[in-house]
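With the hints as constraints, model all of the structure from the sequences given.
Chains as they are written, first to last, in the numbering used here: chain A, 375 to 712; chain B, 375 to 712.
Treat each hint with caution, since some may be false.
Intra- or inter-copy, both count: the list cannot distinguish identical chains.
With a Cα cut of at most 30 Å, we get these calculated DSS-like pairs of lysine-lysine [claimed, not checked]: (1) Lys687 with Lys414; (2) Lys432 with Lys502; (3) Lys516 with Lys387; (4) Lys432 with Lys377; (5) Lys432 with Lys387; (6) Lys404 with Lys687; (7) Lys377 with Lys526; (8) Lys465 with Lys687; (9) Lys465 with Lys435.
Keep in mind that the hints were calculated from the coordinates and are not lab data.
Protein chains: 2
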Amino acid sequence: MKKKTTIYDIAAKLNLTAATVSRALNNNEKISKNTRKLVKQTALEMNYEQNTLARALKSGKSFNVGVVVPRMDSNFFASVIRGIEEELYPKGYHVIVCQTHDQENLETGNINSLLNAQVDGILISISKSNDNTNVFDSLLEKQVPLIFFDRKRDMEGISSVTIDDYQGAYSAVKHLIDQGCKRIAHLSNDRTLEIFRDRYRGYKQALIDHGFEFDENLVVECASKIEEGRRITKQFLEMDQRPDAIFSSSDFTALGAIQEIKAHGLNIPQDVCVVGFSNEPFTRFMDLSISTIDQSPIEMGRLTAKTFLEEVKSKKKIKNQQTIILEPELIIRKSSSR
Amino acid sequence: MKKKTTIYDIAAKLNLTAATVSRALNNNEKISKNTRKLVKQTALEMNYEQNTLARALKSGKSFNVGVVVPRMDSNFFASVIRGIEEELYPKGYHVIVCQTHDQENLETGNINSLLNAQVDGILISISKSNDNTNVFDSLLEKQVPLIFFDRKRDMEGISSVTIDDYQGAYSAVKHLIDQGCKRIAHLSNDRTLEIFRDRYRGYKQALIDHGFEFDENLVVECASKIEEGRRITKQFLEMDQRPDAIFSSSDFTALGAIQEIKAHGLNIPQDVCVVGFSNEPFTRFMDLSISTIDQSPIEMGRLTAKTFLEEVKSKKKIKNQQTIILEPELIIRKSSSR
DNA sequence: TTGTACGCGTTATCAT
DNA sequence: ATGATAACGCGTACAA
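In structure tokens, the structure reads:
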């Protein structure tokens, strides 16, 4: 690569000091308007570009933020990231995205890489790993700004941005009950994660509140994959008393459920209603569009970024933990509109 | 954030020089096994972590690579990125992903930001912008390692990794002809981009080679969106002689086409066959699965990264431009299986 | 208002 | 085999 022009080059050209140039470029008060103008002028002419590395080394800030997500090819996470970018780019930050693929070792590795790259903070949606809290403890210890979004972990002093998963699940099940469904099954997911625990709780409470009995057999955990959705739904449909509705904690398993229900010659929503979770784009454009819960991911991203910015600004002050909870929105489509 | 331990700290503790410590940690030949062992030992004890910023400032390498894509929430680009990561992470590089949303100004802005962040290279799939070659010219001038993937631009000395779009289109249309289709329309896209030009050429040539007349009216350009696919397909179906097949240069417009065909009461594939492009996951899991072209995105990502690594390694040597072209794979599903 | 001088953490080039 | 020193490019207290 070609050599870049530094403040020294432009200082030399103007018979000034690098210090003066630096000040002029940073709009320091105590510089004459003339020199400032002159410096900026020639900086432009010489195609000067600040070396962020040097600035970072000096200031201790890299202006890089690490974002860690299970994966980035789901619309939900991609949208959250976009929200984060929208908020952070104008402030001069860069965003480094890492994927964990829900693997604990990758998560740990990514976090360490990010720390090593001197990121100014980490915004993370945790993987399914259950109990290795040590990585996060060490982050806490090192006082690296840390914000959770969507998939959080309860930690003293750490802010988080999530949606009200309990409420989302509750409203979905309430809606199914309103449609006349009597036996509502639940496709759950790893309940060591708070979001899936909350969706489960919302499901359960909605049933109880409306006079239904809660049947443990109608709840099954599985991974967020189409095939898994099919597999479990097959079990449901082969029960003596098959369910007449499925509330799925994932759009992907909801899709699998729909495929399996059709394969069994049953009609949706007449025989079985289905509601998913996340409002992935495909739920809208299927022939049989899928009811689901929207999580306003862009907003979630923006708020996560804002929380980070506040935390950075109030550096030394008393840390005030923020716990932001967004309202989910039930979107009713064909799969549950009787 | 807490202060990190530096090589000075560990030098002080061992009554050594920072230089020695540095050498020991970097496995320099001319260091006694004892001191090396000792240094590494205490480095571990003191939780030493190399400051990559300082190393970058010194070496002129940031070990960051910029990846620029139109968007990252399509499976194709997400997969390419994953391939890039798989190849680059083990080599100690980090990947900074930027989205252009197909907007010229964002593309330019992102590139400049990446340069400013001192990335060691840029891997890019260009946006639709047509003629502002200046950004790339300036990259060329600055001798920043640059690799194109998928959406390339013809530039002297710049390597690229693409698939054979011409061949992909050709085989798709050949397949439609084999199914007995007589009037094959083409949903095209911005043909200032090479990939769409090539798909158009493959379509045209396949028709000609099999004795069909090429009808300009059966080719329409539109954006890669479901709604656009519907809109154009509506026009097709209202023709006096409607087409009996649609080859779409995008899976999304193919989906729109399918929706519209159904809305017109026609059957797929009996009345109209449809083939898309990219092998997005939804093409597989639709009730009416969609025939498409697979672009082996992960492989594309890996090769792009490899090409970059080679370019970096052979720094000062004669640049040898690589033009890698992958073979596309036609995947036949229900939407075109008569 | 501007210059001087130093430090951020590393590595590379001399010496020793 | 190790030490001393300079340099990467920038920002900033201190001095002038």
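### Query
Which of the numbered hints are not met once you compare them with the structure shown?
Per hint list: single violation, 2.
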